[in-house]
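Peer 1: What follows is the residue order along each chain.
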Amino acid sequence: MNAISKFLLLAGFALLPTLTVAEEKPAKTAEEAKKLDEKPITVPFELLKSRHMAVMVKINGKGPYKLIFDTGAPTNLINNRLAKDAGVMKKDEKGGMMFGLGGAKTMDTLQIGDVKLEKVPVMVMDHPTVTAISNALGPIDGIIGFPFFAKYKTTVDYQKKELTFTPNGYVPGDAMQGLMDKLMKGSKGKPEPGVAAPAGVWGFTVDKATNDDDAGVVVKEVFAGSAAFDGGLRANDRLLTLDGRWTDSIADTFTAASLVKAGRAAEVVVKRDGKEVKLTIKPAKGL
Amino acid sequence: MRWHIALALCLGLAPCALAADDKPAAKYEIPYRLTDTKHVLVRAKINGKGPFNLILDTGAPAVFVTKAVAKKSGVDLDDKGWGTFAAFEVEGGLKIEKVKTRVEDLVQIEGMNSMGLAGVELHGVIGYNVLAKFKIEYDFTADKLAFVELKGFEPPPPEKIEAKGTDDIQSMGPLVKMLAALSGIKPNFEIVPRGFVGIEFDDTKAGVVVKKVLPGSPAEKAGFKTGDIIEAVKATNVEAGKDLVKALAKAGVGTKHRITVKRGDKTEELSVELGKGL
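Read top to bottom, the protein sequences are chains A and B. In terms of this note's numbering, the first sequence is residues 866 to 1152. In terms of this note's numbering, the second sequence is residues 7 to 284.
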């Protein structure tokens, strides 16, 4: 199980091998978030030759260390050397090996530019890809991933080589916990299909013939007096998108509806008499 | 005099030239989801085929898709495993032509799919060569990601670097597949709709009050009336709307449910068979 969690960690990041064949030509609470200055904080990044973004960080007041900023990494990660240097781990302690044990630690403080966080979870591990980049492009000691940037409205600008962070109160869930739950739960054969539950009641039905490969689904029935009816949806409309999401299948239609909270106006695009028509529908509280 | 005319022409032209240059950078609202593994997932159509589920990953130097996706969308490969999407459309209206892609069955993607770890089937990642063309705002309290085109910016391509020591990762794929086999975990990416009731309700001090019963809906057939106070689903008490929604969260089309309502002084038990609809 531990190996799997390590694997998950690698999942977003282990893409370097392909660089060698690259083109030849050139958990924090909302309260804590409020404590931070709500103004955006800008942090410069270095664009490495591998085209990863590198940022300078201080951990437990030590450093600065160079880490990679990675939107595809579900966890933060530092290598054993940094962990010992910054006192995240005792000198005689061993971090998580590729197939080893442990590795989940806490950084007392993490500072990136003017952003300072306390009690930040991190995996301690000598990640082979980080090691490889480090060997090629100078010391690089880890990855800053989802548990950090999810706490902010984060803007990535490759032209200015800047990251901008504005606290948004979002509380990142624990990827590892979710994974463990899944492993605990799903050990008996094939699981049940997922159920997509609309987050509000719209008041229409859709259908799609098995041999119908065109974009969208067909609106079969619109209930009188429903949100959909009031928004102008009609039977025989071809529903193309719901809240900007493609509705090419019945499952996709329900998935899109599961992401629109009751009371929020959503744009709905239908094809009617050969023309695309934009509607606004505000699903009601209900089911 | 001539000079004045020239100046006037200049002044007259300058705003025109600026206007052409000042065409606002294209903005896109890109719908996304977070996977169970906390990856940022968007959907895209490749050469009109799909949609495919792709992770936004600044840790990847390029777009990567599986061989199956490349085949399905008719992408030809060169002998080094690279191809080009003639048309790449990200959900939310972002269209890019001639996108270079790496075609490879990444062990990470295969591994996650073999156990269904992400909760959704993954088909690849969108990396630097596309992401760097846009200023991207990630805000997980918002419903969409904001992409703003970086006008006139051509991201410098990755430089070739010597990299070693990646065998560990390559060995993980088979390992995870083996663990998947041993643990008996199989993925199921199928999604089915929840069943439809056909009521609008309000949370009030008195409880969950039925505000509207849609005509012809399963709720109407079951005998729901406007003003009913929903008290329980089978043995589960309903105190707020969210209790009701939770009680029926996984209820499929065709399932039957006993729902207790208070109507005036009386308590009624209604049986509703969930229908198709949303």
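No lab work stands behind these hints, which were simulated from the structure alone. Since this is a predicted model, take the numbers as computed values, not measurements. Honestly, I wouldn't trust all of these hints.
What the hints assert, rightly or not - The calculated DSS-like cross-link candidates involving lysine-lysine, where the alpha carbons are at most 27 angstroms apart (straight line), are:
hint : chain 1 : residue 1 : chain 2 : residue 2
1    : A       : K1126     : B       : K192
2    : B       : K211      : B       : K282
3    : B       : K55       : A       : K1147
4    : B       : K268      : A       : K1140
Claimed, not checked - Facing chain B, a subset of chain A residues (Cβ under 8 angstroms, in silico):
hint : residue
5    : P929
6    : Y930
7    : G937
8    : K970
9    : A1074
10   : F1088
11   : D1108
We put the CB at the ideal spot given by N, CA and C, even for glycine.
Peer 1: State the violated hints by number, sorted upward, taking the hints as numbered earlier in the document.
Peer 2: Violated hints (numbers, rising): 1, 2, 3, 4, 5, 6, 8, 9; every other hint is consistent with the structure.
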